[in-house]
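With the hints as extra help, turn the sequences into a complete structure.
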Amino acid sequence: MTEIPNVDEQRRAEWLALYERMLLIRRSEERVGKAAQAGEMPGGVHLYIGQEASGVGACSVLEDTDFITSTHRGHGHFLAKGGDVKAMFAELWGKRTGICKGMGGSMHVADVSKGILGANGIVGGGIAIANGAGMGIKVGKEKAVSVCLFGDGAANQGVLMECLNMSMVWKFPVIWVLENNGLSEFTITDKVTAGEQTDRARAVGMPAVTVDGNDVIAVQEAMKEAVDRARAGEGPSFIECKTYRIRGHLEAEDAFLGGYSYRTQEEIDAWKTPDKDPILRFASRLLAEGGASQADLDEIEDRVSKQVEEAVEFALASEDADPELIFDITFADQRP
Amino acid sequence: MTEIPNVDEQRRAEWLALYERMLLIRRSEERVGKAAQAGEMPGGVHLYIGQEASGVGACSVLEDTDFITSTHRGHGHFLAKGGDVKAMFAELWGKRTGICKGMGGSMHVADVSKGILGANGIVGGGIAIANGAGMGIKVGKEKAVSVCLFGDGAANQGVLMECLNMSMVWKFPVIWVLENNGLSEFTITDKVTAGEQTDRARAVGMPAVTVDGNDVIAVQEAMKEAVDRARAGEGPSFIECKTYRIRGHLEAEDAFLGGYSYRTQEEIDAWKTPDKDPILRFASRLLAEGGASQADLDEIEDRVSKQVEEAVEFALASEDADPELIFDITFADQRP
Amino acid sequence: MAKMRYIQAINQVFLDEMERDKNIMLFGEDVELAIFGDTREVYKTFGPERVYNTPICENSLTGMAVGAAAAGRRVILHLMFGNFVYTGMDAIAHQMAKLRMMTGGQMDLPITVIAGYGGGRSLAGQHSDTPFPVLMNIGGVNVVTPATPADAKGLLTTAIRGNNPTFFLEASGRGGDSGEVPDGEYLVPFGKATVHKEGSDVTICAIGTMVRPALRAAKTLEAEGISAEVVDPRTLVPLDEDGIAASVSKTGRLVLVDECKDRCSAASHIAAVMADKCFGDLKAPIKRVTVPNVSMPYAGVAEMAIFPTPEKIVAAVKSVTGELAGASA
Amino acid sequence: MAKMRYIQAINQVFLDEMERDKNIMLFGEDVELAIFGDTREVYKTFGPERVYNTPICENSLTGMAVGAAAAGRRVILHLMFGNFVYTGMDAIAHQMAKLRMMTGGQMDLPITVIAGYGGGRSLAGQHSDTPFPVLMNIGGVNVVTPATPADAKGLLTTAIRGNNPTFFLEASGRGGDSGEVPDGEYLVPFGKATVHKEGSDVTICAIGTMVRPALRAAKTLEAEGISAEVVDPRTLVPLDEDGIAASVSKTGRLVLVDECKDRCSAASHIAAVMADKCFGDLKAPIKRVTVPNVSMPYAGVAEMAIFPTPEKIVAAVKSVTGELAGASA
Ligand SMILES: Cc1ncc(C[n+]2csc(CCOP(=O)(O)OP(=O)(O)O)c2C)c(N)n1
Ligand SMILES: Cc1ncc(C[n+]2csc(CCOP(=O)(O)OP(=O)(O)O)c2C)c(N)n1
Ligand SMILES: [Mg+2]
Ligand SMILES: [Mg+2]
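Chains A, B, C and D, in that order, give the protein sequences.
For the first sequence, position 248 (counting from the first letter as 1) is numbered 248 according to this note's numbering, and the numbering increases by one without interruption.
For the second sequence, position 68 (counting from the first letter as 1) is numbered 68 according to this note's numbering, and the numbering increases by one without interruption.
For the third sequence, position 134 (counting from the first letter as 1) is numbered 134 according to this note's numbering, and the numbering increases by one without interruption.
For the fourth sequence, position 87 (counting from the first letter as 1) is numbered 87 according to this note's numbering, and the numbering increases by one without interruption.
No lab work stands behind these hints, which were simulated from the structure alone.
Take these hints with a grain of salt, some might be off.
Computed list of lysine-lysine pairs in PhoX-like fashion (alpha-carbon distance at most 20 Å, straight line) [as the list claims (entries may be wrong)]:
(1) 224/A / 191/A
(2) 191/A / 171/B
(3) 242/B / 224/B
(4) 277/C / 312/D
(5) 283/C / 318/C
(6) 318/D / 277/C
(7) 34/B / 86/B
(8) 242/A / 224/A
(9) 22/D / 3/D
(10) 272/B / 34/B
(11) 141/A / 171/A
(12) 277/C / 283/D
(13) 250/C / 283/C
(14) 191/B / 44/D
(15) 143/B / 312/C
(16) 312/D / 283/C
(17) 22/D / 143/A
(18) 318/D / 219/D
(19) 312/C / 277/D
(20) 197/C / 312/C
(21) 277/D / 277/C
(22) 318/D / 250/D
(23) 306/A / 86/A
(24) 22/D / 141/A
(25) 191/B / 171/A
(26) 141/B / 22/C
Structure (structure tokens):
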């Protein structure tokens, strides 16, 4: 665990904000999972539960002008980077008030005004986009950074090597954040991966660290260093966050598995304990060292629950997506 | 330079054979270059001059049942692996007696009966094919190995990382032979490459060595070790051969460059000296330590020159490719 | 004959063929636990020596299929979603489709690539494509689109035993459809269209997933006095031009139904061929019911708005049989 | 007006536009020394801050174009050969073509991808493809195929200033063709076909590289009393369906000339559209002169045997204007 100095008021507020953001993700995902399990939500739904610390830690040091690219498991990243929960819920329910007007859904939630270049249904799809954003920032001589959030499964896509190389050659302001939850769909990633993924970054001379991805502060600190380096024009960094996916690959997993399994219930339960679960852990720490009281946490719980329920109501009350829109938005100023 | 034991008669014969193979490539390529420069040869022609030691060294330890994949610069690999010079020349001149019946040309010379899975016009195109051949060998429980010859430019294609990983995970009998000539078309590869390419192999835990690619014996020895390991089921290896391309990227280079250049004449000349040129070097060594006489070398020179001229005559005397064939060979037992 | 689900028919072929021919290998992402259900038990039965559950790297997987075939194996590659055809496109277009030709016919490439295609399930833009056109256009690979469990069995068996690269495109959303499937060895030849329903006023040529809505439309039309013949090419490469032409020449009218985006769709191509070969017999414009040139939206209402439906097929047919409908009304 | 080579016209647009708009960046393999000649002086003038000479990794390059555009740049990506569209296909089909739609229209993607296409120069299978169909089918990207230096200038300028991803496909073998090019700012709008030669008996619709052989064929036909109109769509997406239809309705006959492989070609698609829209005006079958469904062979004789030539175009025209040719003979 990272060493903490005397916690001042500002720090306390910051930590509570981190906690609130993680909790918002957790409660949102639980609610989305419920809807998906009940068959209320169309399409494939991949939840971020258990991984909140890595997305929140990573995005906590970013500005709206910074970019992130995300994955098929993107709700948590969207909320972590400041995406609106109502607009996200409306999107998941396929409504015209959705952040993508109901056209993208779970695998494509994006808010470009907040630098969220989108969840992405193509595993590894965000890698080149993030690298290109880094290139674009550099060409535009801007101070922004581009953060690529990707999974351990995605790390086996060759675009990673291509982009690690280019980001290093030209010192693009890119931070490569590997969320290593050990799983790619129903495959144990280690079984199909040779060596340590951080070594792939080191092979191109890139600074690479592995952090406890369930410790939001550890992630935040590694990110701070990387972002500082990137903003100073010193190039990219690689951060591996070790974490775990508590829910199934997708909410319909049981149907897909047809009775088979790729992990034990004990393994899952071990990641839900107060020492492991990123939210429970951070709650204890907030109480012990962060100057927060149980009442603070309860208040947050209340606020978050309300926010989530309002988001559901908003989504349900919204009008369905507008099919005509498809023809307006495929191109700028041009019919398809 | 590698230490040599007392050279016995068998060794002498082997060395002379290596020399002859390198010289056959050199003289063939010079002849092809002449034809290309004279506008007699259609298409793009990429010569292997200066790199003979790496292809010949690598293929010298292989059997016909072993596979190689090659590149757009594939004539040397074809001849090194035992491809027939007449059939190659006929191919380059687009004749029906060509090894690919005139359908493939310079960038596609292949002789499957000799395990030559083909030159390849797609940079990096041989990487996955070689890996797949390694997989196929393993599934078939055969003793063969699969050797991927690829350039430093190709090494930036992400399929490399993907296949290094898989070959390591499953211990495919694959040998990755990087022919690092420092150039990719008109680009200095170092300018677009971060880190050492061998480290990309080491990142997946693969044994990797760098050898003097202009020393045929050094290449051969590294290959022997790698092939032994592969045949013993111990998995893949990575060998970087440092070498240099003496000719232009393609024979029509000057027209493409339109007066610009990416290297100096001095740089080129430095690689043509008796210490650097793989053939001149090996000739001296053969005389000094290999038990060969100048008469031996002269005899080889004569034989090779005759072989090349016969190949040209064969090609020129052959009938043009048969256009109807296209429709017979696109599919097995099916019209396109 | 046994009643079987589409996906079961496929699964059974994998098990039977891999049992029959020890030289067959299978690989792909998550094939071990069989995310699509079609490779269920394959790993347990034949792996890990003949079955590889791979990392995520489609670019290499398609090229490796070529290499494994060149090394003498008979290869099955599961690409999961049809969209990943684009991800693995390089080696498909440049190696799999061309290597036989470029080497003067030196190598056979007995490769079956299987992938699920199509929309209609709110999987949004990146998981709903119907990638026939690119596969049809590159040349050098067969493209197979079974509509029924029986055809799935028969065409997959033919694909696996054949010596050419074949894309076997399974209807993702139709895995649960069931139908009668012949017992024992059953092969359906490539390049032979089938007539699902005979008719005399119009030919509805429907591909893969579109056979079902086409048959529904035909039923509705029948009730209104329009006799539609429903033809299913079953394989797009090779394409049974004569078989389709025979129907078009008989009915004099053609409506194509294809889940591809319209531009350069399979529907467009068949329309072009018929506008050449059957011109003299045509009594009306050739109509296409396809997906417009946009990517598939997420929301169900939006998706359905652009998806070919029985209603749209009926409307297209009526636009060319106006007078007939009037006559029988 | 100045006489200029095709490749020079393109080169000049890059220099002019990058000068005019500092937000434009350009990248690609070997763009520094300009292997195709079209990026000559661009690196020297604007690089290395706005021009990146990249490693070989098309899969990333296409995705990076999207990222750079999302970050606010106006992007030019040189993909070198049209074949490498397949290599970079994943991000083209999944990101470039879809991201605007999938995000509900949140982002513009002002991206111009340039690549040389076509055969006829013995570059064999992997360097001779004409990848229009896949780009046309995926939806969400424009496809531009200028036949003349003037159109090259006008369409490239429109592409670069536009806000949508556009594939500007240059005729590799035609780089040396010269023609009059308007001075100063010159934009050709997308979606407007042009008539290179008027005629009344048959419409020859020729794409890109095929305009030249089509004009030769028209000349030969003229001498034999057959009046051919040569129409060039100039952009395949958007496609000027009305412009082409106007010509077809006038002449009543249509021959398409396209360097694509036949199946699902641009020719097929235009044929399909005309078999629907112009059916009533058609007097004869619609013919396609395309490349058969095989990869381009190396040997010149073999290549020419399958390549569309003026002779083949003349023959196709005569097959639909038989009686006219007789009449005028
Ligand atoms: C190109 C591509 N290949 C395969 C898939 C199917 N798929 C979806 S998620 C997934 C596993 C991804 O694993 P990882 O990157 O570790 O992310 P995680 O699910 O663990 O968050 C796969 C194979 C896909 N969506 N895209
Ligand atoms: C996929 C692909 N991209 C680009 C090219 C164009 N190209 C041909 S050779 C070459 C350079 C290759 O460099 P390297 O791999 O080092 O081989 P070398 O020419 O040095 O032998 C390039 C970029 C190609 N043929 N294929
Ligand atoms: Mg994972
Ligand atoms: Mg090189």
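Hints, one by one, checked against the model:
1. 224/A / 191/A: Judged against 20 Å, a Cα distance of about 32 Å means the pair is violated.
2. 191/A / 171/B: 13 Å, holds
3. 242/B / 224/B: Answer holds: residue 242/B to residue 224/B is near 18 Å, not above 20 Å.
4. 277/C / 312/D: 18 Å, holds
5. 283/C / 318/C: 13 Å, holds
6. 318/D / 277/C: Roughly 16 Å separates the two Cα atoms, so the pair holds.
7. 34/B / 86/B: Within the cut-off at roughly 17 Å; holds.
8. 242/A / 224/A: 18 Å, holds
9. 22/D / 3/D: 28 Å, violated
10. 272/B / 34/B: OK: residue 272/B and residue 34/B at ~18 Å, within 20 Å.
11. 141/A / 171/A: 13 Å, holds
12. 277/C / 283/D: 14 Å, holds
13. 250/C / 283/C: 11 Å, holds
14. 191/B / 44/D: Holds - the C-alpha atoms of residue 44/D and residue 191/B are around 16 Å apart, at most 20 Å.
15. 143/B / 312/C: 59 Å, violated
16. 312/D / 283/C: 29 Å, violated
17. 22/D / 143/A: The hint holds at about 18 Å.
18. 318/D / 219/D: This hinted pair holds, its Cα atoms lying about 13 Å apart.
19. 312/C / 277/D: OK: residue 312/C and residue 277/D at ~18 Å, within 20 Å.
20. 197/C / 312/C: 19 Å, holds
21. 277/D / 277/C: 18 Å, holds
22. 318/D / 250/D: 18 Å, holds
23. 306/A / 86/A: With Cα atoms ~12 Å apart, residue 306/A and residue 86/A stay inside 20 Å; holds.
24. 22/D / 141/A: 12 Å, holds
25. 191/B / 171/A: Holds - the C-alpha atoms of residue 171/A and residue 191/B are around 13 Å apart, at most 20 Å.
26. 141/B / 22/C: 12 Å, holds
Violated hints for the displayed structure, listed by number in ascending order: 1, 9, 15 and 16.
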